[in-house]
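Student: So you can see what is in the structure, the chains are spelled out below.
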Amino acid sequence: MKKIITVLSIISLLLLLGGIYLIREIDANTSRFDEIIMFHQVEILREHLLLNIRTVEADLYSQNMPRAESVDTVVKHVRETANAINACFHCHHSEDVTDRLLDLKNQFGQYGHALSRALTMRATAGRLQAEQGHAHLIGDSLISKLNTMIVMTSKMLAVRTEDSQRTVHRTRIFLIVLVAAGPVLIMGLAFIVIKGVKRPVEVLLEATRKLKAGDLDHRIEGLRDEFAELAIGLNTMAGSLKERLREIEESERRYRLLFESAGDSIFIVDAEGKQTCRIVEANAAAAKMHGYTVDELKTMNITDLDSPAAAACSPSWIERMLQGEWINVEADHRNRDGILFPVEISAGAFEFGSHRYLLMIDRDITERKQAEETLQRAEQLRMAGELATGLAHEIKNPLAGIKVSIEVLAKEPYLSEEDRGVLVQVIDEIRRIEVLMKELLNFARPPRPQFVSTDVNAVLDAVASLVRQNTAHAPEASRKIAVMKDFDSRLPLITADPMQLKQVFMNLLLNAVDAMPDGGPLLIKTWFDAAAHAVRVEISDTGRGIDSAVMDKIFQPFFTTKPKGTGLGLAISKRLIEDHGGRIGVAQNAGGGATFKIGLPVIQSERVHTI
Amino acid sequence: MICLCSFLALGCSKESIESLKPEQHRPSLLIGLLPEQDIFKQVERYEPLARYLSARIGADIKLTILPSYEQCLINFTSQKIDAAFFGSFTYILAHSRLGVQVMARPVGPDGASTYHGLIFVRKDSAIRSIHEMQGKRFAFVDRGTTAGYLLPLTYFKKWGVNPATYLKESYFAGTHEDVIYDVVNRKADIGAAKNTVFDRLAAKDARIRNELVILTQSPEVPENSLAVRKDLDASVKEKLKTALLNMHTDPEGARILKEFGAQRFIETTDSDFGPLYEYARALGQNLHTLEDAPLR
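Protein sequence lines, in the order shown, are assigned to chains C and W.
Here the numbering used here is used: the first residue of the first sequence is 2, the next is one more, and so on.
Here the numbering used here is used: the first residue of the second sequence is -16, the next is one more, and so on.
Fair warning: there could be bad hints in the mix.
Take a look, some chain W residues computed to stay more than 10 angstroms from chain C by CB distance [said to hold, decoys possible]:
hint, residue
1, 28
2, 110
3, 217
From the derived model, a few chain W residues whose C-beta atoms are all more than 12 angstroms from chain C [said to hold, decoys possible]:
hint, residue
4, 39
5, 108
6, 244
7, 246
The calculated DSS-like cross-link candidates involving lysine-lysine, where the alpha carbons are at most 25 angstroms apart (straight line), are [what the hints assert, rightly or not]:
hint, chain 1, residue 1, chain 2, residue 2
8, W, 187, C, 106
9, W, 24, C, 106
10, W, 63, C, 77
Calculated directly from the structure, the hints in this document are not laboratory data.
Even glycine gets a Cβ: it sits at the ideal position worked out from N, Cα and C.
Given the sequences, and given the hints that come with them, work out the whole structure.
Tutor: Below, the structure written as structure tokens:
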């Protein structure tokens, strides 16, 4: 920049100096020409003066002639001459010329006087002649002096003219040089300036493009002066930008990690405008929880995930959130398969860039709900158990009394066979009540399992044999049941109570036999689930299957579909398996019938392992 | 020629053009001037007065020099001159012969409206009376002047001397000034001139008082007076007279009067010249047949 200013200053100065020189020269030439014109005028004036004096002289000569001019004419001539001389004093002259003019004027005065005398005098011829001679003498002298002055003027005029012509010639040459060299000089200087600016500007432009493209590691080098300062500024800016970008990225990563690794679903939802309820952002947990990908979720509305009941409530929730309330509600969400699951929603509104969004944190509370249900059921069972125990205790003794009395009565010989039959039926019913009492007590106060190392395959084998014997005297159809065993020979021994396992398996197998009145294959399958370190048992029948309406009720106590069932079998089985830290479930088979699935942990570690 | 000169001199002397431009459509009036002094100076002296009067009376006044007093009367008629500032003796001649009517004359700065003639010589000459004048050179002014001719003639007559023979040389220098300077410059031994010119020159040139001595003087006669031809239009005559007599009351006129060397103009009549008529008669001059004296 300094260089440019310097160069421009030099150009301006040169132009200014050239201009001043030209103006001065033109001015000087003009004055010279004025001077020359003036000299010409002076020359003309002096010649005119000479002419005047000559006229006067002629008047004097002709005074004695017949054609003498009148005195008035002479007076006129003399006065004109005097005026012409006086006119000379109006112009500026050198001291020398002024002196000469004064001399001339003075002498002309004398001449006038002599003339006057010659004109007015009446005297002898000699005296008159003398006077006229005197006048002539002065007149001649005047003419001579004037001639000298005219010659002087002419000479000076010649010298000045020549001098002026020389100067004009010089000025013209200078002007031509200036006109020719000026543009060349300016172009040369302009080239230097442009060259000096072009490269740095290109470098800076290139750097700017790179920075724009994101190359924050690019640094400008090799510039000088102000461009160097600019380069340092740009380099520093790029460095700061990179650092800032790194910090932002790190921060973003931190929050992204927090967002992505959160166990709860996090949604950011548009809260206003046309896109209200549109999911703007969702984390991986949300995707996993609902069975969609994050990208799919971003094309959906949050209400698409709500159960119909929750969807009905959502407008009022959004309204509350937009009013600044942070809500905590429980609702059901629906996953991709349409399965509802309970979630706890913690949500509120926030503003970002003058647009309002909703932040929703959803937690899957299925397990908590199950745990709550389990707890509730356990409580029900405990109460039922206590009730049953109390009741059994109160009923047992009177019932025993009744039974003994009836048995004694039934042995009475006078009874008709018909009456005796009725009593025997009564006794049978009493026995049924006793069994019920016993199971009820068993369910309410189950015996603590005695854990030993147990071979599940062996227990199943034993139970299968028992069932086969049991069905040997069963109706025709039951005998057509084909028990197929698919046992995993590498099944590890597990820590379990074999008697309780036997009770569970027996119960399940008998249920299966009951479910297949027309016979059919009954599959028993075992395998080792290495991932869960558990033994899996599946018992599949090919019977009627279970109504989906009752599917989730079959493990509830006192729920039965059999006319003479107690409704406690499956409830006890479930309780025993859970006492082993295992799980039991049921599923409908695709080709009919149902499959009971049991998972038992290999090792009992104070019920830490829950399969 | 003057116009051309003036233009070339780039306005060096515009005033001269203005002054010489003829004024048209106005009656013109020609006024003659006697060679009282250097004829060029005489014109310069009367020009402002002429311009002033031109403006006042609405006429174009032109000045003309009458080169000699004796020619005056001839020229007055031949040039058809309307008026002239006559010397006193010239006036009585003109009045006698042409019937001109005197109108006004100036009053000098000292209050005098009359003058007298003087006869003088150089102090260093031996001439102090008529006796020493024999064989000397005498400078008269003009035959038509009181001071420059009538007085010396009276002087010679008083002493019974014929100047034509008594003097070595006598001549008419033409102007009073020339007579005075001819004596100063020893071109003549004795001179006769009027006291007003003598005093005016003496005020500027000390030699005149230092080197000259006055031998005798004439009686007082009226100063050069303006007289007009008898047949001049009466209204013009009246206007001219009024303008002159009232000139001193007008600031512009007063200024010109001061330059001219006068306080004012006063009314003058032929009777004012009574003593001069007597003086001339005593000399035996016949005013109607004044002859040229012989020059030697």
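Student: Of the numbered hints stated earlier in the document, which are not met by this structure?
Tutor: Failing hints: none at all.
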